[in-house]
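Undergrad: This is what each chain is made of:
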Amino acid sequence: MFDPYKIREDFPILKRKINNHPLIYFDNAATSQKPKQVIEAIKEYYELHNANVHRAVHTLSLEATELYESAHEETAKFIGAESIEEIIFTKGTTEAINTVAYSWGLRNLKKGDEVLVTLMEHHSNIVPWEILSKIKGFKVRYIDVNKDGTLNQQALEEALSPKVKMVCVTHVSNVTGVINDVRHIAKLAHENNALILVDGAQSVPHIPINVKELDCDFLAFSGHKMLGPTGIGVLYGKREILEKMEPFHGGGEMIREVSYNPKNQSCKITWNDLPWKFEAGTPNICGGVGLMSAIKYLKNLGMDNAKAHECALTEYTIKRLQECEKVRVYGPKDTKVKCGIVPFNLEGFDSHDLALLLDTYGIMIRSGFHCAQPLHQRLELKSSARASFYIYNTKEEIDKFVEVLKEIEKSL
Amino acid sequence: MSIVINDYIARIEEACGEERDYIIHFKYDKKEEVITKILKKATLQKTTAKIIFDLKYKETYIRLYATGKAVFKKIKDKEQLNQILTELLS
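Chains as they are written, first to last, in our numbering: chain A, 1 to 412; chain B, 1 to 90.
If you're looking for bench data, these hints aren't it; they were derived computationally from the structure. A quick note: this is a predicted structure, and the numbers were derived from the prediction, not measured. Treat each hint with caution, since some may be false.
[What the hints assert, rightly or not] List of simulated lysine-lysine pairs, DSS-like, C-alpha gap at most 25 Å:
#1 A:LYS268 x A:LYS212
#2 A:LYS406 x B:LYS50
#3 A:LYS333 x B:LYS31
#4 B:LYS73 x A:LYS17
#5 A:LYS382 x B:LYS30
[Claimed, not checked] Per the computed footprint, the stretches of chain B lying under chain A, defined by three or more beta-carbons under 8 Å from a beta-carbon of chain A, are:
#6 9–18
#7 39–45
#8 60–68
We put the CB at the ideal spot given by N, CA and C, even for glycine.
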């Protein structure tokens, strides 16, 4: 049974007091807190198994390699990938997207081509394509969003043409929590012979994901937003596409052979197998171990349960915020089309003031653009405050949050 | 940063958003001293339950929090911010 009160016992940080108030952590879209199981897994790795992975023969190296490969296997199963060959570990979502941009985009995009990016993307799914477009001469085209922050489907369909080679879309907006119909968008992209890259940073931690059902070509996500440590992320790619791609980073681990030919004084290099050809250098082994522990924790809870809990919290928050006259909530209100993120502002306060003020009550929210400036411009927002929920948040925390907002309102 | 600023400030963050404000995190053990100093030099416009102090210093709006944090608004750049902080904390 899914019990957030029991879950909370696994998170040592939630026992903290901030400014003499019990910590209320509503900044989960930025990063999640870590359960003791993940903390223990990391500690145990360094205390008992630490060594470098692959190509060594000693016991510790074997243990570290097995753990690291198991982390890939666990991740593959978690998102419904076929095998670990489709799972590349990266530093996070940003590096995963950059890997697609430079490994695939650098060799496949040219002048006259187009890459579609929605206006609700995080900067990490905009900037790599803008940088690359300056090098390769292709065009980045932006797909409009509606006034409520949902994707303008008509704009997307109209933008698709034979020029489009890649469609970049976030699964869940990190500002509004809007869930995009990735399956439908993938179908449209594929009918147009384009690939689709999905930013799963805000979806994989919160809703059940199956890459085969979504039929996405790439999916990028971060470990730290799903109970894992920072510095570990994932790029899923369809095997047949990854096989054709050249690596972005070069170094150890990602090669099979570097043979020097003294006659012409050059090296002949052959790549390692998938996924290692995309993981140059000593990887974040411990990060992988931590991510595996986080995935096991989430699997044990059940992602359907996590989603239902966060949707219930979101619905409750939106309903209770209606009691605050000066609070304005942005984006759709229907949790059928959104996840556990509530963007809002309080009249008379800018978002940073509001975040600082809530901090005095021990409530942690985020303020600003949330790395999604184009969406804020489109929604005509100077900035926004954002409350985002996870498995350990409770209705009582939302009650406290709303009561504090009411108190602030009264003082205005 | 000046010696004065180093003594009192833990961190300065440039806020994102259309308002390019600066968020100042004062050193926790110096927060009472900082609040006293700033309240002496800036003009108090409004206070809310002694948790928030809305202040004006020259052309700068300051929202100072009892937790030892502050938002400095209408600041041109970091150089101007450093100048104002030095004046307020000296």
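Undergrad: Please go over all the hints and tell whether each is borne out by the structure.
TA: Hint check:
This hinted pair does not check out: LYS268 of chain A and LYS212 of chain A have alpha carbons roughly 36 Å apart, beyond 25 Å. A threshold of 25 Å between alpha carbons decides the hint, and for LYS406 of chain A with LYS50 of chain B the separation of about 17 Å falls inside it, so the pair holds. Note on LYS333 of chain A and LYS31 of chain B: the hinted pairing is violated, with a Cα-Cα distance of about 40 Å set against a maximum of 25 Å. The straight-line distance between the Cα atoms of LYS73 of chain B and LYS17 of chain A is roughly 29 Å, outside the 25 Å bound, and the hint therefore fails.
A hinted pair counts as satisfied when its Cα atoms are at most 25 Å apart, and LYS382 of chain A with LYS30 of chain B does not qualify at roughly 33 Å. Coverage of the segment 9–18 of chain B by chain A holds [criterion: at least 3 residues with CB-CB distance below 8 Å; count 4]. Chain A is given as covering the segment 39–45 of chain B, and this is violated because 0 residues of the stretch bring a CB closer than 8 Å to a CB of that chain, at least three being needed. For the segment 60–68 of chain B, the stated coverage by chain A holds: 4 residues have a C-beta nearer than 8 Å to a C-beta of that chain, and at least 3 were required.
Violated hints, in rising order: 1, 3, 4, 5, 7; the structure is consistent with all others.
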